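> Okay, here's what each chain looks like letter by letter:
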Amino acid sequence: MRILVVEDDAFSLKLIVSMLEKHSIEVEAVGSAKAALDFLEKGEFVDVIISDVMMPHMDGFAFVRQLNIDRRLNKIPVILCTVLNDKASLVKGIEAGIAGYVVKPVKEAILISKVKKVAESCSGAVLVVDDEEPILNLLVATLKRDGYRVLSAKSGSEALEKLNNNKVVLVVSDIAMPEMDGFELLSHVKEADMSIPVILMSGRNEYSRDDIVATGADDFIPKPFHNTEILVRVRTHLK
Amino acid sequence: MNYDHNKLLESAGGDVELVGELIGIFRKEHPELLDRIEQAIQENQPQQLHEAAHKFKSPLSTMGAYAALDQIVALETMGINEDLKQAGIVFERLKKHIDILVTDLAKHDRVSIK
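Sequences listed follow chains P and X, in order. If you read the first sequence in the working numbering, its first letter stands for residue 600, the second for the next number, and so on. If you read the second sequence in the working numbering, its first letter stands for residue 1199, the second for the next number, and so on.
No false leads were mixed into what you were given.
Covered stretches of chain P (in silico footprint by chain X; criterion: 3 or more residues with CB under 8 Å from a CB of chain X, positions within the stretch not fixed):
1) 604-612
2) 616-624
3) 696-709
Simulated from the structure, these hints should not be mistaken for laboratory data. Note that the structure is predicted; figures quoted are calculated from it, not measured. Idealized CB from N, CA, C, for every residue including glycine.
So that you can see chain P by itself, here it is in the shape it has in the complex (with noise of 0.2 Å):
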């Protein structure tokens, strides 16, 4: 797990990255809401963001409002870490989207409980599978562009490998693929966890969306797609 903390006191500052380091957390360390996005906008991925809330220049609750309008960032969960200990700071909070709240003086076991529950509740991947590269980079860089955390598989085995040692949260795949096709990879997903979506996506013209849903698929997508089809089905399910 990667987390940037955003902390303008040295003090705080060293014994959240502390505390994090001691559960062998990876730790990216800012002092400031704008040196955050500067790391952010230059395409770092991180699981969560730890934040203080009393900055110079931008106060946390603008931070986490200015992630929310970008959609690249949006959906990285912010805990606010503060000393303010009262209910309007806490639905400020809410009201800017936070994913969660800390009280300072930080306490260990409720940050890592806190960053850990967080983290398992809002990230996951998104596994997209298809046998043709072009399409499958293309479908990676689509929903990477989109902010999303994006794995991918040439192959239906490469998928189930993936989808077993990552939290997986949607899968979009190719129906026709040599060995395993859409239709067997659909059934193992859901075999494994029922509540995971799967699009299905093909070029060929004898499939319609009621017959792919018949089969246990969430969605269909016929080929050739528009990006913003994609994407906007992504969302749709992940809602």
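Given the coordinates of chain P, assemble chain X onto it according to the supplied hints.
Relative to chain P, chain X alone:
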């Protein structure tokens, strides 16, 4: 002692080395924070006083330095309420508590080194 060493050690997960580092950070950073508070009072800037006082809260509460923390809370409240009439007096009290605290922390450092 003007702080609770066991509380600080507990916050650091029992890591004595980390406690030493945290003390080092506080000893290095506190003069600038005090300067910011003093400047805010002199220039009658409530928002700046609020922000500067607030920055002391987390380290002081982590260390259990409650005497200094009480003064900080008072200064922060004055900043929020935009009423700095008593701020100078409270700031003098804060400086005394911080001086004692820093002396106690320095003693700890010397004990650690031995």
